[in-house]
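Colleague: Okay, here's what each chain looks like letter by letter:
Number of protein chains: 4
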Amino acid sequence: MQNETRTIRAGIIGDGYTSAELNRLLAVHPCVKVVGVTSIENIGKPLADVFAHLTGCSEVVCEKLELESFLERCDVLFIALPHGLSVPLAKAALERGKKVVDLGADFRFKDKDVYAAWYHCEHEAPELLAEAVYGLPELFREEIRRARLVANPGCYPTGAILGLAPALKNRLLDLETLIIDAKSGVSGAGRTLSLNSHFCEVNENIKAYSIGTHRHTPEIEQVLSWIAGEKVTVSFTPHLIPVSRGILSTIYGRLACRMSAAEVQQIYEEFYRGEVFVHVLKSGQLPQTRAVYSSNRCHIGLVADERTGRLVVVTAIDNLAKGASGQAIQNMNLMFGLAEGCGLLHTGLIP
Amino acid sequence: MQNETRTIRAGIIGDGYTSAELNRLLAVHPCVKVVGVTSIENIGKPLADVFAHLTGCSEVVCEKLELESFLERCDVLFIALPHGLSVPLAKAALERGKKVVDLGADFRFKDKDVYAAWYHCEHEAPELLAEAVYGLPELFREEIRRARLVANPGCYPTGAILGLAPALKNRLLDLETLIIDAKSGVSGAGRTLSLNSHFCEVNENIKAYSIGTHRHTPEIEQVLSWIAGEKVTVSFTPHLIPVSRGILSTIYGRLACRMSAAEVQQIYEEFYRGEVFVHVLKSGQLPQTRAVYSSNRCHIGLVADERTGRLVVVTAIDNLAKGASGQAIQNMNLMFGLAEGCGLLHTGLIP
Amino acid sequence: MQNETRTIRAGIIGDGYTSAELNRLLAVHPCVKVVGVTSIENIGKPLADVFAHLTGCSEVVCEKLELESFLERCDVLFIALPHGLSVPLAKAALERGKKVVDLGADFRFKDKDVYAAWYHCEHEAPELLAEAVYGLPELFREEIRRARLVANPGCYPTGAILGLAPALKNRLLDLETLIIDAKSGVSGAGRTLSLNSHFCEVNENIKAYSIGTHRHTPEIEQVLSWIAGEKVTVSFTPHLIPVSRGILSTIYGRLACRMSAAEVQQIYEEFYRGEVFVHVLKSGQLPQTRAVYSSNRCHIGLVADERTGRLVVVTAIDNLAKGASGQAIQNMNLMFGLAEGCGLLHTGLIP
Amino acid sequence: MQNETRTIRAGIIGDGYTSAELNRLLAVHPCVKVVGVTSIENIGKPLADVFAHLTGCSEVVCEKLELESFLERCDVLFIALPHGLSVPLAKAALERGKKVVDLGADFRFKDKDVYAAWYHCEHEAPELLAEAVYGLPELFREEIRRARLVANPGCYPTGAILGLAPALKNRLLDLETLIIDAKSGVSGAGRTLSLNSHFCEVNENIKAYSIGTHRHTPEIEQVLSWIAGEKVTVSFTPHLIPVSRGILSTIYGRLACRMSAAEVQQIYEEFYRGEVFVHVLKSGQLPQTRAVYSSNRCHIGLVADERTGRLVVVTAIDNLAKGASGQAIQNMNLMFGLAEGCGLLHTGLIP
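Protein chains in written order, with my numbering: chain A, 50 to 400; chain V, 50 to 400; chain L, 50 to 400; chain B, 50 to 400.
If you are wondering where the hints come from, they were derived from the structure by calculation, not from laboratory data. Any given hint could be a false lead.
Because identical chains cannot be distinguished in the list, a pair is counted as satisfied if it fits within a single copy or across any two copies.
Said to hold, decoys possible - Simulated pairs of lysine-lysine, BS3-like, Cα-Cα distance not exceeding 25 angstroms:
1. Lys-82 with Lys-159
2. Lys-280 with Lys-82
3. Lys-82 with Lys-147
4. Lys-159 with Lys-147
5. Lys-94 with Lys-161
6. Lys-159 with Lys-280
On a predicted model such as this, the values are computed, not experimentally measured, just so you know.
Working from the sequences, and respecting the hints, build out all of it.
Modeller: In structure tokens:
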């Protein structure tokens, strides 16, 4: 059990946006010190020269990854890389008794064939898939507390699963009818240069992409299937919206039985009672991404539409916080016996 | 039959955004002259002082509505007001032999009870509901050519109906499963001040609103029912997105029978063959609102998802152009025997 | 001397954006509890229903101002109202031994005639003008520590004065040549409805306003005159930019003598050495508003242009944080003997 | 003299944003047909697949540049490339009797040493510098009419020079005091990928860049010197603003003599009397970039500030239209004897 007075030493692999967000959040975390950030392009540069908001708040200098010595300085390793690169890093860290939170997709699936089918590469360490815990604390808190290796959920899956879990757990919906129409800010695509992230291609624009083929689809289906106790298939459509942060997920399903809005509301409130970060909004209120902007929170709004017999669930998260780095720290808090909300209790940002 | 060399004199009631857009488009229409714009708040002000983009391009001065004399100067009356105000204006214009395009909701419904139920007011001239033609030229072109009174469609209905018409006409979809998830820019809410249009409330934000209760729902259902030949009910969810213009509609329906993507594609291309303003994108391409920005065009993209058995149709329009004032001018062109595309052939705006 | 273990009870007058920001920041301040927020339009409503980001983070219910009982519950009063309303509130608070931070303009001027000339109203309590301390801690820290009444600076003046203070203190510039070209986000105009804040009027737009006549001009000139020891006149041009938060001030002045960039850099670094919130960027770096977004920090960049003989100083602040509510809390920290950075040490927000 | 009934065949070198804009504008130009667009990355692709707004409006397929055959098909060559590449293209075109409008910087300077100093490369054809006409029609209309080779002005210079020309022509300003503080949208940086154009780096952000060192500085100074009849030096500071299009230039100069606002206003109105595209706004009005968005227009607003003795001129243009491709077409119109406004008379875009 972690002694709270000791500072946890965190090492971060990668210097993209999720790394920037880990650094932002950890800069004011009372129990953690970032001891190293690795880079390929910015080696030798102060991290605050790469991410100017860290000016005066971070003394880390980006370093070339030298795994042995890097791991020696860490108690926990955050891996913030594209998928396909995490296995050797996680293995080495675990062997040295370090804890690992992987922000990529490499440990999210229990079935290596699903990973191979959607990510187009064989998994290098299927045995770790069995051990890794899916890091959605509101569903798997106890497993995370005991985990050495946490697979931090994808951003879209976080919003979708939190929105559907109470309904599926309580068998409210016809599982054949689930549609998730999600709208995301651009930071979800990372800092890598791409025409899709060029300001002029995104600004004053709305578009859908990867309809029916996005890699978060099987991740959503895997976890919903666990909850439902049977195989769940969903239509998932991501959209790109001209905001930097935020995912709004509008989720549709046919109500399996006649049910009043008040009953649905009560089931959701009950499900999330006591959660620090998930807020079921009052009846009549709907989420907006600003309200959770920069925070680790998730807002959920519910409309049970009698006219159509459908339940519409809307969830809002910040894709970089609850959808990535905030949740990673929430997981770390649990893994080290800290208060779950430690360092993460700030609000969203309005205006 | 209109003699094209004669200039059509257009009168516009109202000075909100749809009026601004009528003036913008008509400023370069080769066959039309705007002879008057009425106002309540800006009486006596040059319209170019209200809408600075008209500087040097419009000499109209906003005037108090004096119906008799106003109508005398017009060949066609565009009514660009909130709903509930159009009936007396349209009646007077028709009596004087003028043609009318109403951009509001007052003549869109055939059933006055539907109007009353969703708009919370009794219709003052149900007899005109029978005469009015629903101004979606791609579906009702011949009726519009002969019409005296055209009810210009709502912005959301334009995007939704154009997206579903070929599928419903060809019975591709299970009518119980239709969901329209639409994302709109802010100009759709008009120029009237409201916290919902405050920059800081919209910027860097995404939200859904009026889930299951938006007034465009019955309008969509009415027209889809005509096309399908039976009563159609839809789930319609509008969202507010931080752009000034543009509606992206993501439309879901279960395919009624097994059907390849190529077959669906062919049906849509066939349906819209020869249309000036509706473009069915090639297989694999998806619409984006920028591509139709400021233009009267509609882009349609199709994904037939074998894994889920669903068809996903995505349409993009500019809510002020094809979704309002552009379409109104397209209707006017038809009513006056002009080429349908006259004055409207410019492209969208990238970047 | 404040005993840090006692919680400071803060009362906030007003429920606009600066009040929202006070509540956001104080929600995670370890030594302060917000005991009341007054409102006119939202009386009886939970503040979290007005500002959804406070959901789960604030239990305050908006209340009608009843001054006596309100003051009884407070140790400090934050007045977050438009100018012209603060005098009776501040007087009553001071009489009851409370401390006051006024976020409006009513106590910023030493000369009541300047206030009257620019704000077009007589000052109701000129005697308080003498007592009030101008709440820019980097310049007036000791006075603030001892103050009962702090006049929190305007947003534009904060960015302008911090940018010019080292230069004027060190007589680097020809005082006849000072030009401040400032660009602000929309939240600076508050939450009140106005066409100037309508999303569609601001989005994809840049404009200047109030050239030569903005009320922050005399405030800037007053403080710069104190620093320079002689009367300073400036050209000040504010611009409205489509962002929610942030002020970038680009400041021009002719160098009074030949001086290398390195010398200027050193003078600025020296001036702000040890400051928690003001960061002079390295030579070659320029500020950006994102880097201070949501934070109480100010970034300063310097270009001494030999070709033109001008010094260009660029400063970035968040108008709601260092430009208003963050600085108000920084002042409160000083007034109550807390660490100056208490509750304010988080970074800006990239991306 | 051009016979207007003959269609001008335009060839465009390059497929970046200025090329897209040329294609957008020429798609509705009554006298021009685009006969070819060259590319490096998109060879063989329909241009409408690269720029979706051209769907249904362009049948051009991007082609590899084969100069001989390309030129054969053209009457006019638009070169829309980065600087340094235009000389051989222009030479070859001129040799074949074609007219050339170069949108880059390669022919803008009369002094090859200035070009070499600021663009860091020797000029390959200094003899063409003498022939090339600086394509700002409001100043050099007659020369453009007779030109074979037009150097289309930079975007910033267009806004700056149009704002200062009347003042300098009339010796209103102390030439030692000129400061141009310009704010630009992102499309000015082109479509090439760069972190500076990444949505998340630009959105919700304001920053200055290249202070005192931007390459448009000597271009502005060259033309202002021509107008003033003596060497002019300016401070020029560009800023990046989160909009796709638009440049607002805020220009400062000390009035050389006491002069009323009305007198200045009259001088400007007189200077631009009869211009199709330059509008001097009424006293009290200030420009905004939206008002000229997507149009070839320039709005100018004037404030003569008695308090400071300064004249503040504000100009607004669309950097891609009047600041690049629109002006290029305006030049082409002049070179081919067309009406100057042909195909360019549409308004800006509000909202």
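Colleague: Compare the structure with each hint and give your call.
Modeller: Evaluated hints:
1. Lys-82 with Lys-159: neither (32 angstroms within a copy, 46 angstroms between copies)
2. Lys-280 with Lys-82: neither (42 angstroms within a copy, 49 angstroms between copies)
3. Lys-82 with Lys-147: within (15 angstroms within a copy, 39 angstroms between copies)
4. Lys-159 with Lys-147: So Lys-159 and Lys-147 pass the 25 angstroms test inside one copy only (22 angstroms; across, 61 angstroms).
5. Lys-94 with Lys-161: neither (38 angstroms within a copy, 38 angstroms between copies)
6. Lys-159 with Lys-280: within (14 angstroms within a copy, 45 angstroms between copies)
Violated hints, in rising order: 1, 2, 5; the structure is consistent with all others.
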